[in-house]
Amino acid sequence: MTRATYAELLNLLAGIALVAAVLTLWRRKLVAIVRLLAVQGAAVAATGLVIGIDRASVSAIVLATLAFALKAGVIPLVLLRLVRRGPDARETQPLVNVSASLVAAALLIALAFASTSAVVSLSSGPESRVIPLGFAIVLVGFFSLATRGKAPSQLVGFLLFENGVALVAVLAAAGVSVVVELGVALDVLLAVLVLQVLTARMQDKFGSLDLDQLQELHD
Amino acid sequence: MSFAEISLVAALATGAAAIAAALAIGEPRRRTLLTGVLTAGCGAGGLLAAMGVLATGRPVEAEFPHLLPFAGLSFRLDAFGAVFVLVAGGGASAAALYGISYTRDHLSGRSFQALVPAFVLTLLLVPAANSMSTFLMLWELMAVTSLLLVLAEQRRSPNAREAAMWYGVMTHLGFIALLLMFSLLAAHAADGSFAAIRHTSSTMAPALRSLVFLLALVGFGSKAGMVPLHAWLPRAHPEAPSHVSALMSAVMVNLGIYGLVRVGFGLLGGGPSWWWLVLLALGAVSALFGILHALASTDLKRMLAYSTTENMGLVLVGVAAAGLFTSTGHPVLAAAALGAVLLHVINHAAFKGLLFLAAGSVVRGTGERDLDQLGGLMRRMPVTGAMFTLGAVAITALPPLNGFMSEWLLLQSLIHGAQSHVVAVAVAVPVAIAVLALTTGLTAATFVKATGTGFLALPRTRAAEDAEESPRSMLLGMGVLAGACVFLAIAVGVLAGGLARAIAAVGGVTSPAPFRVHGTTVSLPWQIVGTSVVLGVAVVVGVVAISVALRVLPRGARRRRTENWGCGRTQQTARMEYTASSFAEPLVRVFDDVLHPELDIDVTHREESQYYVESISLQRGIKDAFEERVYRPVLGGVAAWGRWARQIQNGSVHRYLAYGFVALVLLLVAIR
Amino acid sequence: MSVTRAAVPILQVVLVVVAGPLLIGVIRKVRARLEGRVGAPIHQPLRDLRKLLTKERLLPEHASWVFALAPAVLVSSAVATAALVPLVSTVSPFAHVSDLVTITALLLLGTVALALGALDPGTAFGGMGSSREMTIAALTEPTLLLSIAAISILAGTTNLPAVVASTLHRPEAVISIGYLLAIVALAIATLAESARLPVDNPNTHLELTMVHEAMVLEYAGPDLALVESGSSIRLAIFLGLLANLLVPWGIATTPSVARLALGTLAFVGKISLLAILLGVFEVFTAKIRLFRVPELLALSLVLSFLAVIIAVVHR
Amino acid sequence: MSLFRKILRTGRVTERAEPATGAELMLAGGRLRGSVQVRAVDVGSCNGCELELASTFGPVYDAERFGVRLVASPRHADVLCVTGPVTHNMVTPLVKTYEAAASPKLVVAVGDCARNCGVFTGGYGVAGAVSDFVPVDFEIAGCPPHPDDLLRGLRRLTGR
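Residue numbers (the numbering used here), protein chains in the order written: chain B, 1 to 219; chain C, 1 to 672; chain P, 1 to 315; chain E, 1 to 160.
Heads up, some of the hints might be wrong.
As the list claims (entries may be wrong) - Here are the simulated BS3-like cross-link-like pairs (lysine-lysine), alpha carbons at most 30 Å apart as the crow flies:
no., chain 1, residue 1, chain 2, residue 2
1, E, LYS6, P, LYS287
2, B, LYS29, E, LYS6
3, P, LYS287, B, LYS29
Hints are computed from structural coordinates only; laboratory data are not their basis.
Bound conformation, chain B alone (with noise of 0.2 Å):
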């Protein structure tokens, strides 16, 4: 593929990936923000897949297919189980409101940007074009992290972490570290499962995933 058409598609998938980020923050589906995460997943993966390609490493390739069938496959399936489960399939009290969230979101981004543009300017080549965009899910994955009530849309706020750092790693080392990326992303899949069988035990013992409700017995 031509210089242009490789940069566009960068640009394409990691926009998606953070417009997935993005939208995340709106919806209140817990079903629809795991959709969303799925989504970023196999554009993150599609990224890897896509430097892959570009470098004509078979490893590459494999590793991205593999990143992909566990990002867009297994964690939003397991992460669908928990949700189901659950009681309440919506996010009912974030700490910000929406619409505030959302401004922040902007602004977060817009942090991202003013402050990776030293490595923007570092190397020429698309991929380190993109990184500002990775950063800025990382920024997002951390804000939906800090802000959110329930378990699994903080579960999905880690995840969204993790999908960012993924990116920039990806990107940075265009594609090499492949194999890093997947392993954090089996202990990822690892973290997943335990925290699914926390929340479930959670479930049980309190009936709902509501974590100022683990507030008030600490205290």
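Mind docking chains C, P and E on chain B? Use the hints.
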């Protein structure tokens, strides 16, 4: 002697004559009449002088070495200052005409009548000051005269005293900042003249330059009502007599902008981009904060005052943009932004003056300032209503009136500036655009609220019901400014040359071809004129054509007046219609994170059962977040410090002697 | 040539004045079909307008000249916009003033005029409608201007014909993420500005859920005809603008009669396609609560902001 | 998507209408030909007529295809479909509604109650028939009238 010089001298002479007349003439009616006319003449003179300077670009200079001890007075009115003199002159003449019959009844006193022309004179002279001492003296005079004018109605409105106190304190804090700033500048220069300062300012240490800029930001920002130094503005402006409010809100605040540009660009010759990013942030916050409070407030004049904060915020954004573009090497865009700034200063003076005069005429006609108590004035005060509507359309930046032109120019320069390759700019500017756009939208809502609930619909109180139209001279005063709004929209191209000279005169911003944004199809003066004329013609012709067309319809000739459709309700009263508060409620709710509306409802039940309600009273107050969060803690801290300081001196002579002794010892140690 | 060039604005105005009501007709038809009904013929709205023009003119007892003037201002601002924007052709005597900022301002003028007209009679519903309309309009402005800014940064100018032309020259620009985001944001803003679902329900009969309808409850006869056609013209302009920004192909770049005819056909085709899509979309969506609307608009704001930033960085 | 499948499965449910009879009466000088906006006014009905009126505009009878539309305000309406006997409380609203509509305007008395108080004749709450308060141009009989009759009546107004 050039035309500009002659008319300037004439202006000063008539101004002095006005003061003399106010003091000399005994019979009140004649006093107000003559003073008003003379003051208007003084303003007109200033207007002509400014036009002369703008047309030729040749400055007017005057030196009076011995008038003031040590420093002397030195004046130099260049094209940049002339823009502000233009504004001051125009605004002053309109306000003075308006004042003739506005002040006749209860403000015809000698002192008040004499203070107005004095205030006008300071407004005309401040932009002409050419040395530190001259500038500070005139600045202080301006502050004091306006302060006294704010106090003029203290007997009638109890808030006036408190407002005056806020104003006095804050304006003097600002003055201290300016004093420090100028002393820092002058310390490095041969003497206090601006020329000398400009000459040496580039050799100052960067840190010092930044300190100077920040001090200027505080001093001039507080005058321009910049958040968080705005607290005095929504208090003082509404409390002054309306034509004085118009002068303060339309003219005096601009001088804050004048000072900031003069120091930032002229004396310091621009600076690093972080200065301007700070200014950009402050300007954007001022714009948004101001308009949100304007939206939420139902007091007509307070609303207008807050909207002044908003407009100054927009202007500050423009100044900041100009600075950013200069520091990142886009002189052309910088020129465009500065042009937008000057144009908006002129436009804002026109429509804000008009709106304040109209508000004054409402207050005079009804004795009410609260929009929730007004309504239906369009049919009782038709001229005032039409004037206010015109002003509202202009301030909402709707085509084809003048407000649109300057906001268009500002947005253009920002949108093209967003293409900068400096990331800081590329990220900051879109935020500014968003804020600007949101501000425009909220302005529309705010002034639909003001016009719609104040002048349209049914009168909500007796006061509004038996309102009567104001006398001729007041309408004339409004008419002048309304005419200015229309003229500035149609003939804005006429100003282009003058504005270009003004920008050139600032120094610090150098642009090969002012107003020409290369690499794009925007070539501003041409297009502004084109736009304004095309849109004006299109809309007006369209409206006329349609109205005529409707008449030739089979049944279009006459309308049948019918009762409002109230869903068949047997009786409808004004209590059923939306009030200003209810109009603004949805937006207030959207922005409650910023406004923190406090709602208290108390329901009194009948004694027989709690299910029967005697009465329900609902109170909604909106406090200024900055006063709550910033001012109160600071004032509290100061008070605590004062209490602590009191312990030091308890009146015992021994302790005072001890202080002296300790001081002496320390001194000896120090100089050892 | 110059004759046809001068004819372009007139052509466009005539086109939108006729096509606007037809769009409404198409949307209603699509909805009717999906609801299992036959529905009124597509030209029904034109019939309604013709009839309304022959009816009596009413003036509520407390209303002033504002009420009487508002519809005229609404229509003439919409018509002026239609003359400015490149719908059929990018060449027109007004090409140099046809710029995105101006367009938004002109449309806002219409909104404000109608809002004032609604407040004038002093009825409860009029006030309610105009308050809600201004709320939505105020919150939509930033999205409009930012998405516009994004597009104009990509094209290097805010002049609409130039933007469309540049898209014609660089078709690959359309698939760039920045451009797409800007278009999506603009689409959301369009829904909000032209009072369609999910922001406002154009054919509700329940006053308390009304936004735009509540404002026009007092208008009757010819004045109502003006209001209706004014809002339909606005819809046509918005859809046409959206279409020409997304797929400008077919628009006339030279003022020859043949190209203009082609451009007209292309324009009609595009907007009717969009109208059908809109109809389908409206069947599948419900109106969201008034206080959820800000969230939707905040989302569109973020999207447009993202578009601007991407446009700046990846230009 | 399930909704979409449903739509496809359902298809068109509107019944075929008999062709327009040549003998339409053209009220208001035929100025309402092809476009009639209806405002329903319930002045005390038992809601039987409302149900029928609603189903007339529903999918099965679909009056809209003949250019008839229900509107939210008498200002927008050409025809007031008045249902029920006029109760004391509804006299003023009825008259106000009539006043509020712009001429040419027609009043259609829908159902027997509207025509002649029907079963409610002489009821203590009943002030009289519709024609006692506003000029009635056209009547549709039945208690309640069948949607077919309503459709036929409305079609005679639009002339289609």
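Hints, one by one, checked against the model:
Taken as a hint, the LYS6/E and LYS287/P pair is honoured in the structure, with Cα atoms around 21 Å apart against an allowance of 30 Å. Restraint check: the Cα-Cα separation between LYS29/B and LYS6/E comes to about 24 Å, which is no more than 30 Å; the hinted pair holds. Between LYS287/P and LYS29/B, the direct Cα distance comes to roughly 17 Å. Compliance with the 30 Å bound is thereby established for this hinted pair.
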